[in-house]
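Undergrad: So the sequence lines, in the order shown, correspond to chains Z and G. Letter by letter, the first sequence follows residues 1 to 351 of the working numbering. Letter by letter, the second sequence follows residues 1 to 351 of the working numbering.
Hints listed in this document are in silico derivations from the structure and should not be mistaken for laboratory results. Glycine included, each C-beta is placed from N, C-alpha and C at the ideal position. There's no promise every hint is true.
With a cut-off of at most 20 Å between alpha-carbon atoms, the simulated EDC-like pairs for lysine to aspartate or glutamate come out as follows [as the list claims (entries may be wrong)]:
1. G:LYS329 to G:ASP226
2. Z:LYS31 to G:GLU133
3. G:LYS31 to Z:ASP341
4. G:LYS27 to Z:GLU119
Listed next, with one range per pair, are the computed distances between beta-carbon atoms [unchecked claim]:
5. G:ASN34 to Z:PRO206: 33 to 43 Å
6. G:SER233 to Z:ASP307: 30 to 40 Å
7. G:GLN278 to Z:ILE2: 19 to 29 Å
8. G:HIS316 to Z:GLU229: 35 to 45 Å
There are 2 protein chains.
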Amino acid sequence: MIEQGSEKTGTKQLTPISELGEFGLIKHLTKYANHQNSSTVKGIGDDAAIIKNGDHYTVVSTDMLVEGIHFDLMYTPLKHLGYKSIVVNLSDIYAMNAEPEQVTVSIAISSKFTVEALEELYDGILTACKNHEVDLVGGDTSSSRLGMVISVTAIGKVKEKAITYRNTAQVGDYICVSGDLGAAYLGLQLLEREKRIFMENPQIQPQLTGNDYIIQKQLRPEARKDILEILNSYKIQPTAMIDISDGLSSDLLHICHDSNVGCRVMEENVPIHQASYQMAMEFNLNPISCALSGGEDYELLFTVAPDDIKPLEDLHGIAIIGRITELEKGYLLVGKTGREDTLTAQGWKHI
Amino acid sequence: MIEQGSEKTGTKQLTPISELGEFGLIKHLTKYANHQNSSTVKGIGDDAAIIKNGDHYTVVSTDMLVEGIHFDLMYTPLKHLGYKSIVVNLSDIYAMNAEPEQVTVSIAISSKFTVEALEELYDGILTACKNHEVDLVGGDTSSSRLGMVISVTAIGKVKEKAITYRNTAQVGDYICVSGDLGAAYLGLQLLEREKRIFMENPQIQPQLTGNDYIIQKQLRPEARKDILEILNSYKIQPTAMIDISDGLSSDLLHICHDSNVGCRVMEENVPIHQASYQMAMEFNLNPISCALSGGEDYELLFTVAPDDIKPLEDLHGIAIIGRITELEKGYLLVGKTGREDTLTAQGWKHI
Numbered sequence: 001m002i003e004q005g006s007e008k009t010g011t012k013q014l015t016p017i018s019e020l021g022e023f024g025l026i027k028h029l030t031k032y033a034n035h036q037n038s039s040t041v042k043g044i045g046d047d048a049a050i051i052k053n054g055d056h057y058t059v060v061s062t063d064m065l066v067e068g069i070h071f072d073l074m075y076t077p078l079k080h081l082g083y084k085s086i087v088v089n090l091s092d093i094y095a096m097n098a099e100p101e102q103v104t105v106s107i108a109i110s111s112k113f114t115v116e117a118l119e120e121l122y123d124g125i126l127t128a129c130k131n132h133e134v135d136l137v138g139g140d141t142s143s144s145r146l147g148m149v150i151s152v153t154a155i156g157k158v159k160e161k162a163i164t165y166r167n168t169a170q171v172g173d174y175i176c177v178s179g180d181l182g183a184a185y186l187g188l189q190l191l192e193r194e195k196r197i198f199m200e201n202p203q204i205q206p207q208l209t210g211n212d213y214i215i216q217k218q219l220r221p222e223a224r225k226d227i228l229e230i231l232n233s234y235k236i237q238p239t240a241m242i243d244i245s246d247g248l249s250s251d252l253l254h255i256c257h258d259s260n261v262g263c264r265v266m267e268e269n270v271p272i273h274q275a276s277y278q279m280a281m282e283f284n285l286n287p288i289s290c291a292l293s294g295g296e297d298y299e300l301l302f303t304v305a306p307d308d309i310k311p312l313e314d315l316h317g318i319a320i321i322g323r324i325t326e327l328e329k330g331y332l333l334v335g336k337t338g339r340e341d342t343l344t345a346q347g348w349k350h351i
Numbered sequence: 001m002i003e004q005g006s007e008k009t010g011t012k013q014l015t016p017i018s019e020l021g022e023f024g025l026i027k028h029l030t031k032y033a034n035h036q037n038s039s040t041v042k043g044i045g046d047d048a049a050i051i052k053n054g055d056h057y058t059v060v061s062t063d064m065l066v067e068g069i070h071f072d073l074m075y076t077p078l079k080h081l082g083y084k085s086i087v088v089n090l091s092d093i094y095a096m097n098a099e100p101e102q103v104t105v106s107i108a109i110s111s112k113f114t115v116e117a118l119e120e121l122y123d124g125i126l127t128a129c130k131n132h133e134v135d136l137v138g139g140d141t142s143s144s145r146l147g148m149v150i151s152v153t154a155i156g157k158v159k160e161k162a163i164t165y166r167n168t169a170q171v172g173d174y175i176c177v178s179g180d181l182g183a184a185y186l187g188l189q190l191l192e193r194e195k196r197i198f199m200e201n202p203q204i205q206p207q208l209t210g211n212d213y214i215i216q217k218q219l220r221p222e223a224r225k226d227i228l229e230i231l232n233s234y235k236i237q238p239t240a241m242i243d244i245s246d247g248l249s250s251d252l253l254h255i256c257h258d259s260n261v262g263c264r265v266m267e268e269n270v271p272i273h274q275a276s277y278q279m280a281m282e283f284n285l286n287p288i289s290c291a292l293s294g295g296e297d298y299e300l301l302f303t304v305a306p307d308d309i310k311p312l313e314d315l316h317g318i319a320i321i322g323r324i325t326e327l328e329k330g331y332l333l334v335g336k337t338g339r340e341d342t343l344t345a346q347g348w349k350h351i
């Protein structure tokens, strides 16, 4: 009846989505999304949208997790999945230096799921809400013919002055990152390997013991509210901030492109957990590549003015990995030998 | 590896979701969703959540549309689908007597979609945003292995006093409904019939001419902002309000149950469009059943205090269909002959 996307085009060549990539696609599709309300302070293009509401500003972020794309129910406990679906959104709110207060959760499920299965999912959802002091205020439950989809919207609050965008990094700022990187990616590699072995021979039980750290980073990541509390205790407001969902390279380049600056990252300062390092070796992967491009770390990446950096210099859990430079200097990764490479972002992994 | 939902239950019988139904399921899953923030005025259980923000209150609603469940791309133009995905959410905001100002849109798509197809979808999304003066402020684009999913969250604003909940109908109030009912359901029946004929013989082109009204009500419904403007012009604030997404019976029973009241609906006053009436006849369906249970009308159903009803009595486009009664009187539908039946809600259509 209708051939979607071909109606108006006649013999014109159609464009596959892969040609634009995720960010290009969003940019392309929303280029006519002009704002009509004065309350809209910031729309598309940061971790979250900003809406003016008197003294306070409301911060809104939304994310969708799709079975078979973002998670595999063969090795993902539903409780962890529920927890993760909330914290990946809260992470975006924290990345604006804001405090999340409410979430809505929409799920689509096939009839194969039982009430007990959904109880586990909601157990995780509500545990995340409790840990982060946010309220589940709404949602939609729907069926799907195939697979599960979870869509979460988080809403937070922030004072105008405290809002931390990603386009405000300044030349000379220090580049900082919380926690360590690459673990979630390596956890995923391990889970996928054990799944393959299990598929070939269901008698063999997965060997996951001793790898709790990287598996937890993949299946049940945490949003770094504690980092905001630390920065706050030192009265440090980052000059720019983003959460690392796509990988350090990709997300740092977001800050650089949007702030019109360059960067210089010291490879030896990029934090990698011992467990990640070992697993990278086991997979014959370069640990630094995993840390730069792995994604799903949900750590905070932020820039700090030189005057503010002192208290962070010896702080456990926050690594200073480089400096913001003039745009002309480019986006550089400096190896242990002093060799300079250009940082490059990954494409859209999922299509 | 993991058998979801069976881990903790041992030999205990698992519960199919169909046993609880949609509303029972949501209630069951969210019974421990206690609120921790004083800004959360209203959570789950109305058309939208309410968040206190100084003088104004923020209203949040979210909905998910799933291919094969909520729409069929064989006969749904993507532009209409985009339009509908926005207005079904705005309808929830209007049903709180609030003004929508922002939306976020998350989509999951398979690689079969081209950029041009998504342009059509966003054309519809942005047209709806323009018509309703709302801003598209965020979203997420993801892939799906099979089928398209669209998840929209709408955010609005309302003064505390103007908020219209669904649990505040009073005995003696008049029950009013905007527009007419059943058309969207009959439009769907027609589209499904023509699809079946087309599937059997692709040479036969669908016969849709002359049925524009019911098809438009199904494919490109409108959210009734204009009704709020009319009520406002008469300084009428409904005592309770809901939008009709599940069907008049089901949604009126929401108001009754939540307000702890009964109702008495006069069948002859339920508004049915001539085109709906004719199509019901063609399908051998009872027009009043289509109006009561069809769903997807996105009309507003509201109750008005007796002192306020006068200006609405002869107003075109708003029908007074009955009265709110004491709970003990039950939920009654009074036929043209005076015969009384009990109104009953439909179950969860989609599972």
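Undergrad: Each of the hints needs a verdict: does it hold here or not?
TA: Hint-by-hint comparison with the structure:
no., hint, verdict
1, G:LYS329 to G:ASP226, "violated (33 Å)"
2, Z:LYS31 to G:GLU133, "holds (17 Å)"
3, G:LYS31 to Z:ASP341, "violated (54 Å)"
4, G:LYS27 to Z:GLU119, "holds (11 Å)"
5, G:ASN34 to Z:PRO206: 33 to 43 Å, "holds (36 Å)"
6, G:SER233 to Z:ASP307: 30 to 40 Å, "violated (57 Å)"
7, G:GLN278 to Z:ILE2: 19 to 29 Å, "holds (25 Å)"
8, G:HIS316 to Z:GLU229: 35 to 45 Å, "violated (59 Å)"
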